[in-house]
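Visitor: What follows is the residue order along each chain.
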Amino acid sequence: MENKLTVSSSPHIHTPEDIPWIMRQVIYALIPGALIGVYFFGIPAIKVILLSVFMCLGVEALTQKLIGKPITIRDGSAAVTGLLLAMNMPSGSAWWLVMLGACIAIILGKQVYGGLGNNPFNPALVARVFLLIAFPVQMTTWPQPRVFPLSLADTTTGATPLGSLKTAIFTYGKIGDSGNIALMDPFLGNIGGSLGEISALALIVGGIYLIMKKIISWHIPVVYVATVFVLTCLFWIINPGMYASPFLHITCGGLMLGAFFMATDMVTSPITNRGKIIFAAGCGIITVVIRLWGGYPEGVSFAILIMNGLVPLINRYTQPIKFGGVK
Amino acid sequence: MKKTFKGGVHLLEENFLVSSKTIVDMPLCPIYVLPVHQHVGTPCKPIVRQGDVVKKGQQIAEPAGYVSVAIHAPTSGKIKEIGPKIHPLTGRKSLSVVIESDGKDEWVDGLPLNRDPFSIGREKLVTMIQSSGIVGLGGATFPTHVKLSPSKEKKIDTLIINGVECDSHVADDHRLMVEHPEAVISGAKVIMSILGLNRSIIAIGKNKPDAIAIIREKVPPEIQLEPLEVKYPQGAERQLIKTLTGRDTPSGGLPMDIGCLVHNAGTCAAIWNAAAYGIPLIERITSVTGHGIVEPKNIRVKIGTLLKDVIEFCGGIKNPAKILFGGPMMGIAQYSLDVPVIKGTSGIVVLTQDEVSKSSYTACIACGRCVDFCPMQLNPSMLSRLGEKSMWEKALNFNLLDCIECGVCSYICPSNRPIKHFIRHLKTLEREAKSLYGK
Chain P
74 MENKLTVSSS PHIHTPEDIP WIMRQVIYAL IPGALIGVYF FGIPAIKVIL
124 LSVFMCLGVE ALTQKLIGKP ITIRDGSAAV TGLLLAMNMP SGSAWWLVML
174 GACIAIILGK QVYGGLGNNP FNPALVARVF LLIAFPVQMT TWPQPRVFPL
224 SLADTTTGAT PLGSLKTAIF TYGKIGDSGN IALMDPFLGN IGGSLGEISA
274 LALIVGGIYL IMKKIISWHI PVVYVATVFV LTCLFWIINP GMYASPFLHI
324 TCGGLMLGAF FMATDMVTSP ITNRGKIIFA AGCGIITVVI RLWGGYPEGV
374 SFAILIMNGL VPLINRYTQP IKFGGVK
Chain Z
32 MKKTFKGGVH LLEENFLVSS KTIVDMPLCP IYVLPVHQHV GTPCKPIVRQ
82 GDVVKKGQQI AEPAGYVSVA IHAPTSGKIK EIGPKIHPLT GRKSLSVVIE
132 SDGKDEWVDG LPLNRDPFSI GREKLVTMIQ SSGIVGLGGA TFPTHVKLSP
182 SKEKKIDTLI INGVECDSHV ADDHRLMVEH PEAVISGAKV IMSILGLNRS
232 IIAIGKNKPD AIAIIREKVP PEIQLEPLEV KYPQGAERQL IKTLTGRDTP
282 SGGLPMDIGC LVHNAGTCAA IWNAAAYGIP LIERITSVTG HGIVEPKNIR
332 VKIGTLLKDV IEFCGGIKNP AKILFGGPMM GIAQYSLDVP VIKGTSGIVV
382 LTQDEVSKSS YTACIACGRC VDFCPMQLNP SMLSRLGEKS MWEKALNFNL
432 LDCIECGVCS YICPSNRPIK HFIRHLKTLE REAKSLYGK
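These protein sequence lines map, in sequence, to chains P and Z.
Sequential numbering from 74 applies to the first sequence in the working numbering.
Sequential numbering from 32 applies to the second sequence in the working numbering.
In case anyone wonders, no lab produced these hints; they're calculated from the structure.
Possibly wrong hints are sitting among the right ones.
As the list claims (entries may be wrong) - For the chain P half of the interface with chain Z, some residues (derived, Cβ under 8 Å), not all of them:
1) V80
2) I86
3) G188
4) G236
5) T240
6) T244
7) I344
8) T345
9) F396
10) G398
Predicted model only: the values in this text are computed from it and were never measured.
Note that CB positions come from ideal geometry on N, CA and C, so glycine has one too.
Required output: the full structure, derived from the provided sequences and hints.
Guide: Quick look at the structure:
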């Protein structure tokens, strides 16, 4: 009898909210955004999502087997990376592009650092930015949204609202009519763009679910979106001919996907709430700088990756103030 | 505004297993084992020899120094042995007095008394508390007389009676307050008279509505009843003071630095028994519970009773994985059934195989949950990473010594990291280094 007793340090009970549980909640929260993508982009979107998720799982298992580490695909983190990567790519991406992205995300973004918890940069964003720089044409060929039965047929391609703004600025030196779009379209998702970024509403719904489940805190999404809104609003008031409305900036592009799902990645964001506010404000500023004056129409991915690099530094200066310590 | 503190966690409540069970007396056992080190401070010194005959309530070991208390025979019988026995807190063998019961359970001459404790006088009461072997019965076992003798410059203005009992399983204080509210209240009055206070606060967790109702009915106007939200670790001293008074106990300081004093409800009852009846601390109330025990019970058990006797009295164990002295958040896992119940044993919890996680831990994913939930506002994530590498000097910069070891961080960690274990490892390294090289 006595030999069967387990002895360990306290506490002896543990929350059921482990890593697989957290990853499941993130996947649930991403489902509305992914479904809107499927609704407007049809079968190709389903193909991209499935390919990306299964490729990430496969690559993770294979890498871990090759380097002789325990295979941890059951923790769900590779599936989340796969889903996020798919949602960050054009819905019409070729199979090889998706597979290459999955390999980059898992191997270069995650496993070379030692796997989950040790990666300094968001794996899905590492892959997306790699593809964007290496295959700029393929990564900016945006199929246009069509209502579901139609979306089964071949689609036409076109520009995103942010892309049109940039083209107008480069061509005419002003935004002209390109800033006049019906904002309900990007809010609901009837717009060109990456597979999972088109509907601000669906992403906000998923994000609120994560906040309610206490998996993310409100700090990063709220501060990130607010920073973008305030800065773009400022420039729009100064010169509406050069700069688009803040409402366009917060509904279009990857901001909602980035603010709720990419910047909030636990591993690559600061650990304290004060740190998260600084991090999110930095993301917002860099995003606005790239969108308004940079060469790329969209800056969310770059902004988050740059701020990921600063996380250790932010953590260092935002340690919690201990109970009973000097305030 | 809800009265609470920053951080903490809601545990799955399992107190219902015993919270409505009446306290029963544990029958006499053949053998009692009394380690001489049952309190924080210097171990006491045996004053009996092998073969001596002792009576119930007779002192068998005397305090060795100021931060030390006496130990008494829990029943009448013969001293069978004085030697090393397994200690339930350290797991190591430690000097213990073994008493063989004669089955008569006879009191030592003159006990129990019947006297008015308020006519005894402060100094005598404090000395009496030390010689009665009274320590904090919530589990910390700090000698009570030390807390009752604050230095002159530290004026105590708030006495808090702690009936919060925030761990998820045990209900010994709960039952005590329901069944013997007058002992708790009278004990509180004795403490008030020692400290010269005219008011105090009694805090009870809202998950004990019956205890709240009874105490509300019995409590005199000078004692204020405060029902508190159910959150772990609400019963921890610093968090309790913060909740009730808004005062922050300074880092490295004691509650008496901010004029507060916290005593457990069980300690109050023990003080009353000693002050009014002269009965030393020879028994306590313990919750024997958990899904792994056949008949969960609240028992009045003599200090020194062996774990195997307690288990037998409670119908045995089923599918056990861990037997804990104390609740699941702070309790000590036992490897032997030959360990005795000691003064600080507030509960004996048997967890089943399904309740105990044996999976290993993975890398920290920096989710920040431990930081959000830490009631001391530390950075357990960083401490656990430093703990893995034994970097205790660096850990001091991350407030290692402020950790109260409540275990919330390990409980909440999605990577299942034994954060509290790492922190204790660092603290041990720090202590060893300090004792080797001085400060």
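Visitor: Against each hint, give a clear statement of whether it holds in the structure.
Guide: The hints, checked one at a time:
| no. | hint | result |
| --- | --- | --- |
| 1 | V80 | holds, 4 Å |
| 2 | I86 | holds, 4 Å |
| 3 | G188 | holds, 7 Å |
| 4 | G236 | violated, 34 Å |
| 5 | T240 | violated, 40 Å |
| 6 | T244 | violated, 44 Å |
| 7 | I344 | holds, 4 Å |
| 8 | T345 | holds, 6 Å |
| 9 | F396 | holds, 4 Å |
| 10 | G398 | holds, 5 Å |
In summary, the numbered hints that this structure violates are 4, 5 and 6.
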